[in-house]
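K.L.:
Take the sequence shown: its letter number 296 is residue 297 in the working numbering, and every next letter is one higher.
One should not assume that every hint holds.
In silico DSS-like pairs for lysine-lysine, Cα to Cα no more than 27 Å straight-line [to be verified]: (1) Lys183 x Lys163; (2) Lys37 x Lys163; (3) Lys233 x Lys183; (4) Lys37 x Lys160; (5) Lys37 x Lys152; (6) Lys183 x Lys152; (7) Lys183 x Lys131; (8) Lys163 x Lys152; (9) Lys160 x Lys131; (10) Lys37 x Lys131; (11) Lys230 x Lys183; (12) Lys131 x Lys163; (13) Lys37 x Lys126.
Just so you know, the hints here were simulated from the structure itself, not pulled from any lab data.
Source: prediction; values computed, not measured.
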Amino acid sequence: MTLPTDPAANLAALIRCPSVTPAEGGALAALGDMLKPLGFSVERPVFSEDGTPDIENLYARRSGNGPHLMFAGHTDVVPVGDESAWTHPPFAAEIAKGEMYGRGAVDMKGGIACFIAAVARHVEKNGGPKGSVSLLITGDEEGPAINGTTKLLDWAAAKGEKWDASIVGEPTNPDALGDMIKIGRRGSLSGTVTVNGRQGHAAYPQLADNPVRGLMSLVDALLHPVFDKGTKDFQPTNLEVTSIDVGNPATNVIPAKATATFNIRFNDTWDAQTIQAEIHNRLDQAAGRKKYRPGKKTPVDYELVWRDRPSHVFLTRDDRL
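With the hints as constraints, model all of the structure from the sequences given.
P.N.:
Written as structure tokens, this is what we have:
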């Protein structure tokens, strides 16, 4: 029997699975094929929720008489974008100058491939660890993240699973896999701001209400001033505008509305509720400014929608490691 001791071969097998969220793409099946020869029992629960796609997940365990180490990760990847812009096909796992190319090579099929290879080498050399080892792998990390890790943890805990420690194989290392252990993560929150205006011709702006002007005021308020200067454990909170859209292909038409989408990465100065309150406060104050809307007496008419669920800050203090 051939064991999956080669991390490069493991990674290539995973990259060749087009597992763009929410598609499983064969990635969990490939994982199962690697884990079963190592003595893992493998289960693939599917979770659902109204308004979201069904998601396949994987939980595998190799039981022993000792502490239980859980490796957590995800096999889903973000879309490839313009495939013609890639130097190598996104799902071919081609190797050039000693480096493997493909969607998910770093985030985070590489981490999964290495963890499996490490367990396989331990099994081959020593018969396997004395304690228990498990893998908790979701297919819903890059998307809404509703039918993934949280539900998988609850599902496993309901079956009596308990863990002494966990390793999350996200690509947080500066230079090479495993050269730094991170003990926490900032929170994440996304939202969309839509400013409503009045459509009109660019030659007659007095007859319209350009929502782009109002949106500029709101975006400026989101970006300035800075949220904080960072904490002992985390870098400063940052907000990034990730898209702006007016839904208007014409160059001589003032649009009826303008939309900006943003993502915030917040440190432990904040939680989801307090950062949301700060955003609301900034937008409300900016809505009445006249900087970008000379001659307009009414506040900017805007709507704020929070997207998906917030990801919370977590931190494992040094004294607990």
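K.L.:
If a hint holds in the structure, say so; if it doesn't, say that too.
P.N.:
These are the hints, each one checked on the structure:
1. Lys183 x Lys163: Distance of about 22 Å is within 27 Å: holds.
2. Lys37 x Lys163: Judged against 27 Å, a Cα distance of about 21 Å means the pair holds.
3. Lys233 x Lys183: Measuring from Cα to Cα gives roughly 14 Å; hence the hint holds.
4. Lys37 x Lys160: 20 Å, holds
5. Lys37 x Lys152: Holds: Lys37 and Lys152 sit about 24 Å apart, inside 27 Å.
6. Lys183 x Lys152: 24 Å, holds
7. Lys183 x Lys131: Roughly 26 Å between the alpha carbons, so the hint for Lys183 and Lys131 holds.
8. Lys163 x Lys152: Since the Cα atoms of Lys163 and Lys152 sit roughly 15 Å apart, the hinted pair holds (cutoff 27 Å).
9. Lys160 x Lys131: 22 Å, holds
10. Lys37 x Lys131: 18 Å, holds
11. Lys230 x Lys183: 20 Å, holds
12. Lys131 x Lys163: Given pair Lys131, Lys163 holds - Cα atoms ~16 Å apart, limit 27 Å.
13. Lys37 x Lys126: Distance ~17 Å between Lys37 and Lys126 Cα, so the pair holds.
Checked against the numbered hints above, the structure violates none of them.
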